[in-house]
Each structure stands twice: as structure tokens, then as C-alpha cells.
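Q: First residue of the sequence shown? That's 1 in UniProt numbering, and the numbers climb one at a time after it.
No lab work stands behind these hints: they were computed from the structure. Treat the hints loosely; a few may be bogus.
[What the hints assert, rightly or not] As a list, the in silico EDC-like pairs of lysine to aspartate or glutamate whose alpha-carbon atoms are at most 20 Å apart: (1) 7 to 144; (2) 110 to 39; (3) 110 to 88; (4) 7 to 43; (5) 21 to 5; (6) 110 to 147.
[Stated by the list, open to error] Label pairs and their in silico Cβ distance ranges: (7) 31 to 51: 12 to 22 Å; (8) 115 to 22: 31 to 41 Å; (9) 47 to 90: 23 to 33 Å; (10) 96 to 147: 19 to 29 Å; (11) 94 to 51: 28 to 38 Å; (12) 109 to 21: 17 to 27 Å; (13) 27 to 55: 31 to 41 Å; (14) 80 to 126: 35 to 45 Å; (15) 9 to 54: 44 to 54 Å; (16) 128 to 96: 27 to 37 Å; (17) 29 to 96: 12 to 22 Å; (18) 27 to 132: 23 to 33 Å.
Just so it is clear, the structure is predicted and the values come from calculations on it, not from any experiment. Note that CB positions come from ideal geometry on N, CA and C, so glycine has one too.
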Amino acid sequence: MSTNEPKDPAFAARVHGSFAKQGLMATLGARLARVAPGEVEIELPLSPAIAQQHGFAHAGAVAAIADNAAGYAALSLMPPGAGVLTAEFKINLVAPAAGELLLARGRVVKAGRTLTLAQAEVLARQGGREKLVALLTATVMTVEGREGVAD
1 MSTNEPKDPA FAARVHGSFA KQGLMATLGA RLARVAPGEV EIELPLSPAI
51 AQQHGFAHAG AVAAIADNAA GYAALSLMPP GAGVLTAEFK INLVAPAAGE
101 LLLARGRVVK AGRTLTLAQA EVLARQGGRE KLVALLTATV MTVEGREGVA
151 D
């Protein structure tokens, strides 16, 4: 569990509302599974629609849910009215993403006033077992006072 304190008492509703506006997550079939202060989990069932040529989940889909898990973990700690934008991320793909479901677990490493460092692990679940398939580190920027960016 995270020891981070949210600055917005309505952080969970805010994260859910923002996630619901994401067309890409809906297109991929991803869903928000868990929201806690500084932590977010996103589930993505594996299907041929998100597969690459060898049948594994495409790295783009893996990166998308990892980026969102890290970004929404950061948003959960931001003040009301602030938005979140990823400034950069690095992802290591450590195993083929094969199984029944992908689970991206994002968490805040260090929350700052302007920049937040977050990580996400992506695990492939098959038959109740989980295997690490990707690790992402991200720098997320707090955006305030910019029209269209508040979440």
C-alpha cells in the first residue's frame, strides 16, 4: 500500500471520470480495476484485436496501459483542477505478453509539485499465475491553469 496522501478527496471519482473519456482504452478493451492513493491497476483482456503477428499482445497496447497506470497513479495525488501529462517514459519489454489478461500496476515513486516519478509493472495472467512482461518508468507533469487539460 502507498503512504501517499491525496490532495483531492474525490481523487477516485476523478480518476474514473478521466479514464472513461479515453477512447484508446475503450478501443483496446481496457478497464480500470483499482484506484488507491498513488496506485492504479488497469486490466486488459488479451484478444486477436490487440495482437501482433506472433499472437502476443502488441507492445503498443502494453505501453498504453502501462503509461495510463503510471499517469493515473500520479493524478490520484494531484490537487483538484490539475491535469496530468506524461513528459517521458521508458519501457522495458522483458517477456512476450501472452496469456488471458494483462494487468498494469502503476504506483507513484515520488510525487513533486510539478513532476512526479511513477512506475508501472505489466503482468500477463494465465491460469491464475502472473508473469512480468514489462516495466515502465515515467515522468509525469502536473498541469494547472491550462484550458482542456484539467481532469
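Q: Tell me, in ascending order, the numbers of any earlier hints that this structure violates.
A: 4, 5, 6, 8, 10, 11, 13, 16
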